[in-house]
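Both chains are given apart, each in its own frame, so use the hints to dock them into the complex.
Order-wise, the sequence lines are chains A and B. The numbering of the first sequence is numbering that gives the first Met the number 0, which starts it at 0 and goes up by one. The numbering of the second sequence is numbering that gives the first Met the number 0, which starts it at 0 and goes up by one.
Among the hints, erroneous ones may be present.
Said to hold, decoys possible - Pairs of lysine to any residue residues, derived as SDA-like cross-links and limited to a Cα-Cα distance of at most 25 Å, are as follows: (1) B:Lys38 x A:Asp282; (2) B:Lys47 x A:Lys157; (3) A:Lys223 x A:Asp330; (4) A:Lys297 x B:Glu35; (5) B:Lys47 x A:Leu35; (6) B:Lys39 x A:Cys259; (7) B:Lys39 x A:Asp258; (8) A:Lys71 x A:Gly41; (9) A:Lys219 x B:Glu35; (10) A:Lys237 x A:Lys105; (11) A:Lys219 x B:Arg53; (12) B:Lys10 x A:Arg116; (13) B:Lys38 x A:Arg116; (14) B:Lys39 x A:Glu307; (15) A:Lys196 x A:Thr182; (16) A:Lys153 x A:Leu35; (17) B:Lys56 x A:Arg326; (18) B:Lys10 x A:Met328; (19) B:Lys39 x A:Arg280; (20) A:Lys257 x A:Glu303; (21) A:Lys333 x B:Val12; (22) A:Lys297 x A:Asp338; (23) B:Lys47 x B:Leu19; (24) A:Lys219 x B:Asn15; (25) A:Lys219 x A:Leu335; (26) B:Lys38 x A:Glu59; (27) B:Lys10 x A:Ala63; (28) A:Lys153 x A:Asp132; (29) A:Lys333 x A:Glu296; (30) B:Lys47 x A:Glu303; (31) A:Lys237 x A:Ile212; (32) A:Lys223 x A:Lys196; (33) B:Lys38 x A:Gly20; (34) B:Lys38 x B:Thr17; (35) A:Lys237 x A:Ser253; (36) A:Lys257 x A:Gly299; (37) B:Lys39 x A:Leu295; (38) B:Lys47 x A:Ile212; (39) A:Lys194 x A:Asn320; (40) A:Lys157 x A:Ile47.
Please keep in mind that the hints were generated in silico from the structure rather than gathered at the bench.
Take a look at the letters that make up each chain.
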Amino acid sequence: MRVVHFLNQFFGGLGGEEQAGAGLEVRAGAVGPGKLLEQLLGPDATVITTLICGDNYAVENQDALIDLALGKIRDARADLFVAGPCFLAGRYGMAAGALCAAVQSKLGIAVITAMARENPGADLYREFMYIVDSGENAAKMRVVLMRMVMLAGKLVRKESIGSPRDEGYLARGLIRDQFVERTAGERLVDMVLAKVKGEPFESEMLPTTFAPIPMPPGVKDLKKARLMLITDGGLVPKGNPDKIQGSVATRWGSYSIKDCTDLQGADYEISHGGYDPQFIRQDPDRLVPLDVMRELEKEGAIGELHDEFLSTSGLANPLSNTRRMGREMADKAKRLGIDAVILTST
Amino acid sequence: MQITAALPIAKMVGANRTVLGNGIVHVVGDATVSAEDEKKVRRQLVEKALEALRAEKP
Numbered sequence: 000m001r002v003v004h005f006l007n008q009f010f011g012g013l014g015g016e017e018q019a020g021a022g023l024e025v026r027a028g029a030v031g032p033g034k035l036l037e038q039l040l041g042p043d044a045t046v047i048t049t050l051i052c053g054d055n056y057a058v059e060n061q062d063a064l065i066d067l068a069l070g071k072i073r074d075a076r077a078d079l080f081v082a083g084p085c086f087l088a089g090r091y092g093m094a095a096g097a098l099c100a101a102v103q104s105k106l107g108i109a110v111i112t113a114m115a116r117e118n119p120g121a122d123l124y125r126e127f128m129y130i131v132d133s134g135e136n137a138a139k140m141r142v143v144l145m146r147m148v149m150l151a152g153k154l155v156r157k158e159s160i161g162s163p164r165d166e167g168y169l170a171r172g173l174i175r176d177q178f179v180e181r182t183a184g185e186r187l188v189d190m191v192l193a194k195v196k197g198e199p200f201e202s203e204m205l206p207t208t209f210a211p212i213p214m215p216p217g218v219k220d221l222k223k224a225r226l227m228l229i230t231d232g233g234l235v236p237k238g239n240p241d242k243i244q245g246s247v248a249t250r251w252g253s254y255s256i257k258d259c260t261d262l263q264g265a266d267y268e269i270s271h272g273g274y275d276p277q278f279i280r281q282d283p284d285r286l287v288p289l290d291v292m293r294e295l296e297k298e299g300a301i302g303e304l305h306d307e308f309l310s311t312s313g314l315a316n317p318l319s320n321t322r323r324m325g326r327e328m329a330d331k332a333k334r335l336g337i338d339a340v341i342l343t344s345t
Numbered sequence: 000m001q002i003t004a005a006l007p008i009a010k011m012v013g014a015n016r017t018v019l020g021n022g023i024v025h026v027v028g029d030a031t032v033s034a035e036d037e038k039k040v041r042r043q044l045v046e047k048a049l050e051a052l053r054a055e056k057p
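One chain only, chain B, in its complex shape (with noise of 0.2 Å):
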C-alpha cells in the first residue's frame, strides 16, 4: 500500500491501497509537535496502513 500526501496523483495512476500522509516534507512524521507527539503520529499512520494492507475493498 502507499501512505503519500498527494492522493491525487496515487489515484490517478491507479494505486488501489492509499493513506493520507502528513505533508509532503515529512510524509510519516509531524515536525510541528514534540518527539513523544510524533512518534505517536507516525504509528497512526502506520497502523492506518496495516489497516490499509487486510482491506478487501479499495
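Excised from the complex, chain A in its bound form (with noise of 0.2 Å):
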C-alpha cells in the first residue's frame, strides 16, 4: 500500500505559529506521526511521500496548494492519502478537509483524515468523507493513528463501513436502512421520557447543517450611520481586565476607544492562543482598523463611530459559547442603536 500523508507546520517538525507561514515542502518518507501511521499500517504499507504546509499558508492559498499536493499524489501513486490527525487546529483541519476532498474526487483513491467535532473542518467536509473523531487532546496520537489505519484499510480494500459509532468517526449524516425490533414509535416514546426525565438519550437524526441567517437589508445612508467595531482576535486592553480566555472564551468586554485616534500596542494584549500575535502587537490596528474608521469618521463618510470595540476570542470555541456571545453583542449593538457592525476576525 503506498501512502502520501499530510501534515501542519506543527506535526511536521518545523515549528510552532511562527512557522504558520511555510508553503508546501515535501518530504521523501514518512515524517513525525507519519512514522508511527506507516509502522500501525503495517509491513505492506509505506508512507512514500510527506507533504508539509503551513496552517496560513494552506488557508490562504487554497487552490494553488491542492493543485501542488495533486500532483506529488499523482507522482506517488498513491493508494491512500492520509492528513493529520489535526484534532482542534482549525486552519489545518479545513486544509486537511479541503485536499482530502480534492484527492477523494480527482483523484479516486481512498483519503482519511482525523479531527476533533468542534473543528470547522469537520463541520464542512463530515459529509463528504470519512472524518476519524479525534478528539482535541494530541496525546491520544496513537489511538487516534488506529482508528484512522483501520478505516482506511477498509477503504482501500473497499470493505464496508459500520456505523460511525462503530468505526469511530464523525456522523456523515446519511441515512441506512436497518431492521430492528422496535418501531419508531415505541423508540420516539422511550427517547422522550428519557428526555424528560434528564436521562441520556441518543437522537437517530441529527442536523448537520447551519440554519440560514436572513440577511438585513443594506444601510440605506452611511453618512448618518452609527458603526460599531467587534473582534474575535481576542484583543482587549493590557491587563486583560475581564479575564477574557484565550481559548473556549465564555467572556466578552467592551473597551472605550473614546477620544482614541489610534490603538497603540502598549496598550493593549492579545488574549487568543490560535495565531501569532507579533503583527497586532506592532499596531493593533491592524486587526481593529480604528484609525482608518476615524478618518472616514472625520471625512463624515460615515456618521458616527461607537466610542468602544467589543471583543472576545474566538479560538477553539463551541458554539454553545459563541452563539450566546454574538446575541449578548446583538443586543447591546441594538440598545445602543447601533446600525451596523464591523466584524474582524482571524
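Rendered as C-alpha cells:
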C-alpha cells in the first residue's frame, strides 16, 4: 500500500505558529507522526511522500496548495491519502478536509483524516468523507492513528463501513435502512421519556448544517449611520481586566476608544492562542481598524463610530458559547442604536 | 459585515456580508509594506467593508 501523508508545520516539525506561513514542503518517506502511521499500517504499507504546509499558507492559498498536492500524490502513485490528525487546529482541519475532498474526487483514491467534533473542517467536510473523531487531545495520537488505520484499510480494500459509533468517525448525515426490534413510535416514546427525566438518549438523526441567516437590509445612508467595531481576535486592554480566556472564551468585553484615533500596542494585549500575535502587538489597528474608521468619521463618510469596540476570542470556541455571546453583543448593539457592525476576524 | 482571511469558515456558518481580509495574522494590515502603504491597504479593506454594508444582495 502506497501512502501520501499531509501534516501542518507543527506536526511536520518545521516549528510552531511562527512557521504558519510556510509554503508546501515535500519530503520522501514518513515524518513525525507519519512514522507511527506507517508502523500501524503494517509491513505492506509505505509512506512514500510527506507533504508539510504552514496553516496560514494553506488557508490563504488553498487552490494552489491543492494543485501542487494532487501532482505529488499522482507522482507517488498513492493508494491512500492521509491528512492529519488535526485535533482542534481549525486551519489545519480546513486544509486537511479540502485536500481530502480534492484527492477523493479528482484522483478517486481512498482518503482519511481525523479532527475534533468542533473543528470547523469537521462541519464543512464530514458529509463528503470519513473523518475519524480524534477528540481535542493530541496525546491520544496513537489511539487516533489506530482508528484511522482501521478505517483506511477498509476503504482501500473497498469493504463495507459500519456506523459512526462502531468505526469512530464523525456522523456523515447519511441515512441507512436497518431492521430493528421496536417500532419508531416505541423508540420515540423512550427518547421523550428519557429527555423528560433528564436521562441521556441518542437521537437517530442529527442536523449537520447551519440554519441560513436572513440578510438584514443594507444601510441606506452611511453618512448618518452609527457603526461599531467587533473582533474575535482576542484584543484586550493590557492586563486583560475581564479575564477573557484565550480559548473556549465564555466572556466578551467592551473597551473604550473614546477620543482615541490610533490604537497603541503598549495599551493592549492578545488573549487568543490561535495565531502569531506579533503583528497585532506592533499595531492593533491591524486587527481593529480604528485609525481608518476615525478618518472616515472625520471625512463624514460615516455618521459616527461608537466609542467602544467589543472583543472576545474565537479560538476553539464551541457554538454554545459563541452563539450566546453573539446574541449578547447584538442585544447591546440594538440597545445603543447601532446601525451596522464591522467584525474583524483572525 | 465580516472581514476575514478564512472566507470558507464564514460562508459555512452563514455570514452573508463578507470581505476577504489580508491574511490571518493582520486581517486589516500588511506587515510586508511601509506604514504609509499599509494604511492605504487598511483603508481599501474598510471601504470595501462599507460597500458590503450598503449591499442588498450577498
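Structure-based check of each hint:
1. B:Lys38 x A:Asp282: Holds, because 11 Å separates the two Cα atoms, which is no more than 25 Å.
2. B:Lys47 x A:Lys157: Violated, at roughly 49 Å.
3. A:Lys223 x A:Asp330: Holds. A:Lys223 to A:Asp330 sits at ~21 Å (cutoff 25 Å).
4. A:Lys297 x B:Glu35: Holds, at about 19 Å.
5. B:Lys47 x A:Leu35: Not OK: B:Lys47 and A:Leu35 at ~48 Å, beyond 25 Å, violated.
6. B:Lys39 x A:Cys259: OK: B:Lys39 and A:Cys259 at ~20 Å, within 25 Å.
7. B:Lys39 x A:Asp258: Distance of about 22 Å is within 25 Å: holds.
8. A:Lys71 x A:Gly41: Within the cut-off at roughly 23 Å; holds.
9. A:Lys219 x B:Glu35: Since the Cα atoms of A:Lys219 and B:Glu35 sit roughly 32 Å apart, the hinted pair is violated (cutoff 25 Å).
10. A:Lys237 x A:Lys105: Between A:Lys237 and A:Lys105 the Cα gap is close to 49 Å, so the pair fails against 25 Å, i.e. violated.
11. A:Lys219 x B:Arg53: Answer holds: A:Lys219 to B:Arg53 is near 7 Å, not above 25 Å.
12. B:Lys10 x A:Arg116: Since the Cα atoms of B:Lys10 and A:Arg116 sit roughly 19 Å apart, the hinted pair holds (cutoff 25 Å).
13. B:Lys38 x A:Arg116: violated, 39 Å
14. B:Lys39 x A:Glu307: holds, 24 Å
15. A:Lys196 x A:Thr182: Status holds; Cα separation ~22 Å.
16. A:Lys153 x A:Leu35: holds, 19 Å
17. B:Lys56 x A:Arg326: Given that 25 Å is the threshold and the Cα spacing comes to 23 Å, the pair holds.
18. B:Lys10 x A:Met328: holds, 20 Å
19. B:Lys39 x A:Arg280: holds, 20 Å
20. A:Lys257 x A:Glu303: Cα-Cα ~12 Å, so holds.
21. A:Lys333 x B:Val12: holds, 22 Å
22. A:Lys297 x A:Asp338: Holds, because 18 Å separates the two Cα atoms, which is no more than 25 Å.
23. B:Lys47 x B:Leu19: holds, 9 Å
24. A:Lys219 x B:Asn15: holds, 17 Å
25. A:Lys219 x A:Leu335: Holds, because 18 Å separates the two Cα atoms, which is no more than 25 Å.
26. B:Lys38 x A:Glu59: holds, 21 Å
27. B:Lys10 x A:Ala63: holds, 20 Å
28. A:Lys153 x A:Asp132: Given that 25 Å is the threshold and the Cα spacing comes to 17 Å, the pair holds.
29. A:Lys333 x A:Glu296: holds, 21 Å
30. B:Lys47 x A:Glu303: holds, 18 Å
31. A:Lys237 x A:Ile212: violated, 35 Å
32. A:Lys223 x A:Lys196: violated, 54 Å
33. B:Lys38 x A:Gly20: holds, 22 Å
34. B:Lys38 x B:Thr17: With Cα atoms ~20 Å apart, B:Lys38 and B:Thr17 stay inside 25 Å; holds.
35. A:Lys237 x A:Ser253: Holds - the C-alpha atoms of A:Ser253 and A:Lys237 are around 14 Å apart, at most 25 Å.
36. A:Lys257 x A:Gly299: holds, 18 Å
37. B:Lys39 x A:Leu295: holds, 13 Å
38. B:Lys47 x A:Ile212: holds, 21 Å
39. A:Lys194 x A:Asn320: holds, 23 Å
40. A:Lys157 x A:Ile47: holds, 21 Å
The structure is inconsistent with the numbered hints 2, 5, 9, 10, 13, 31, 32, although it conforms to all the rest.
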